[in-house]
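Start from the sequences and build out the full structure, keeping to the hints where you can.
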Amino acid sequence: MSDTNGLLRIGSLTRAFGGLVAVNNVSFAVNEGEIFGLIGPNGAGKTTLFNLVTGLTPPTSGELYFKGRNITGSRPHQIAKLGMGRTFQNIRLFPNLTALENVMVAQHIHTRSGVLSGVLGLPRDRREEREAREKAQGLLEMVNLADRAQVQARNFPYGDQRRLEIARALALQPKLLLLDEPAAGMNPNEKAGLSTFIREVKEKFSLTVLLIEHHVPTVMGLCDRIAVLNFGQLIALGNPAEVQSNPAVIEAYLGDES
Amino acid sequence: MNDFINTYGFLIISLVLQAILALSMYLPLMAGQLSLATPGFYAIGGYVAAILSVRTFLPASGTTFPEPLQSFVLWLGTVFPATPQGQAFPVSLLLVEMLIAGVLCGLLAIIVGLPALRLRGIYLALATIAFVEIVRVVSLNLPITGGSIGIFGIPQPYPTKFEFAWIAVPFLVIVALFVYRLERVRVGRALVSLREDELAAAAMGINPTYHKVLAFTLGAVIAGACGALSAHFINTWNARQGTFDASILILAYVIIGGSRTWLGPIVGAFLLTALPEVLRGAADVQGIPTFLAQFLKDGRLIIFGLLIAFSTLFFPQGLITPNLFKRRGGSEGER
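Keeping their order, the protein sequence lines are chains A and B. All letters in the first sequence, in the order written, are residues 151 to 408 by this note's numbering. All letters in the second sequence, in the order written, are residues 2 to 336 by this note's numbering.
Hints listed in this document are in silico derivations from the structure and should not be mistaken for laboratory results. Any given hint could be a false lead.
[Stated by the list, open to error] Quick list of simulated restraints, FRET-style, between CB atoms:
id : chain 1 : residue 1 : chain 2 : residue 2 : range
1  : A       : Y403      : B       : F245      : 54 to 62 Å
2  : B       : R56       : A       : P245      : 51 to 59 Å
3  : B       : L178      : A       : N155      : 51 to 59 Å
Even glycine gets a Cβ: it sits at the ideal position worked out from N, Cα and C.
Below, the structure written as structure tokens:
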């Protein structure tokens, strides 16, 4: 398989949990600079695919290429270091850390302060710490949480936690941002705002975005291309209009007509 | 004042040493790793100091070791000369012992930690208890550690116990400052993020294995150095030092004091180490019934158990919580 084109290439990826094949021989590529949507009915294997891509779950078979490098079998922190940031479907912030600390943790790979020099507070480490804090504060401002930087993450309402998770993922300075159902739990107003927000963020940080979303209008309006999973298999791939009119997709969502 | 020091000097230094051990167990806990290995490293550190200062490493008269070892042992004998009767053990050598003990325990912690820290939660606790037990059984059976009798007559650097404060107090201050600072810098944040959510931390680029072993090793270094100091302080060292009982006691310090901030383990260690003395004092109060006085004197462990049970009910986060600082401190400039 050629690994030259596409920021992220997924090649015949399969993951089985015992007898259940959650992701079955899925192949596609995400191109640099696009917003790529991943949709499918519940249990289609979307989140499993995310976990495979970010290394949280090792694949049963198949290959993964990110920025032309084979990342199959790499560990999560190694993949994150290459420039892949993500959010989680069931929010996984660091609940007892403040919003600011949550974002600062994600700058770990871009800072170098060691145990001893950090503890001693040498000038370089102090400067680095201050810069990290300022950067984190800036990211919080972008998601409108700057006024509550010192509040523990667990005390934020659901929608704010989602935005904080995005800010944390951005602190990694990723090339590829994976969003797992970013609109879940948001009201229609917030959902409308989210599309604009994702586009802005994408432009500002020159990102490539791969997102899972259930809310069809959001996906259709936002994504350049869409892949549809059903029972672990890729059943359609194309631009929103193509996918919308694909009979296999309609069948997967609405059921057979007979 | 002199009276007070004579009576409580030993207790005060014990408080300080226990607080250091509590911080040593707090470090892995900071990264979410429930490790009970601290007493094992404490015991090893104590043996390092005892072996070096009592010179049990020297071969019995007549026997010789194979060559490279023999010269090394003889060289070691010149670095740690016998302390003549009635003379004080040099403090500089005590510090060297603490350093050796710390480094040795740190290296051992990396070797033990790499496989052990693959385990999670209660399984890691069990593995570290096994480590403490192995240290105990091995030291019970080696000639160099004095077998079941242990090593006694460890030379004293100071004429009175209270003067150990010259080393113990600065040691505690350094360890406490280290942990205090660590909680506020990059590496400390990485450790805490592992405690909060290991998977999310890994997805944010933090290497879980590296940081877990790091926290475990830092704790071991502190425990080892503390053991070396304690061996001189207690004067004898044997396989009853640093056992499973100590694991539970030190864990109680951390849990009752508070496992979320550097101050918690220190407060917990102070309270629980002073408690038996306080109870003994209460038992001596005139006019209380005999059965109560007897219970206060001998029911120490029962009271301990009750205290742990109640504190987990009413202070699930321990007595000292991070929020305590925030409410009192007001401004958040430092964090």
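Hints and how they fare:
1. Separation of Y403 (chain A) from F245 (chain B) is about 59 Å and conforms to the stated range, judged on CB atoms against 54 to 62 Å.
2. Checked against the hint of 51 to 59 Å, the pair R56 (chain B) and P245 (chain A) passes, with Cβ atoms roughly 54 Å apart.
3. Separation of L178 (chain B) from N155 (chain A) is about 54 Å and conforms to the stated range, judged on CB atoms against 51 to 59 Å.
In the structure shown, no violation is registered for any of the earlier numbered hints.
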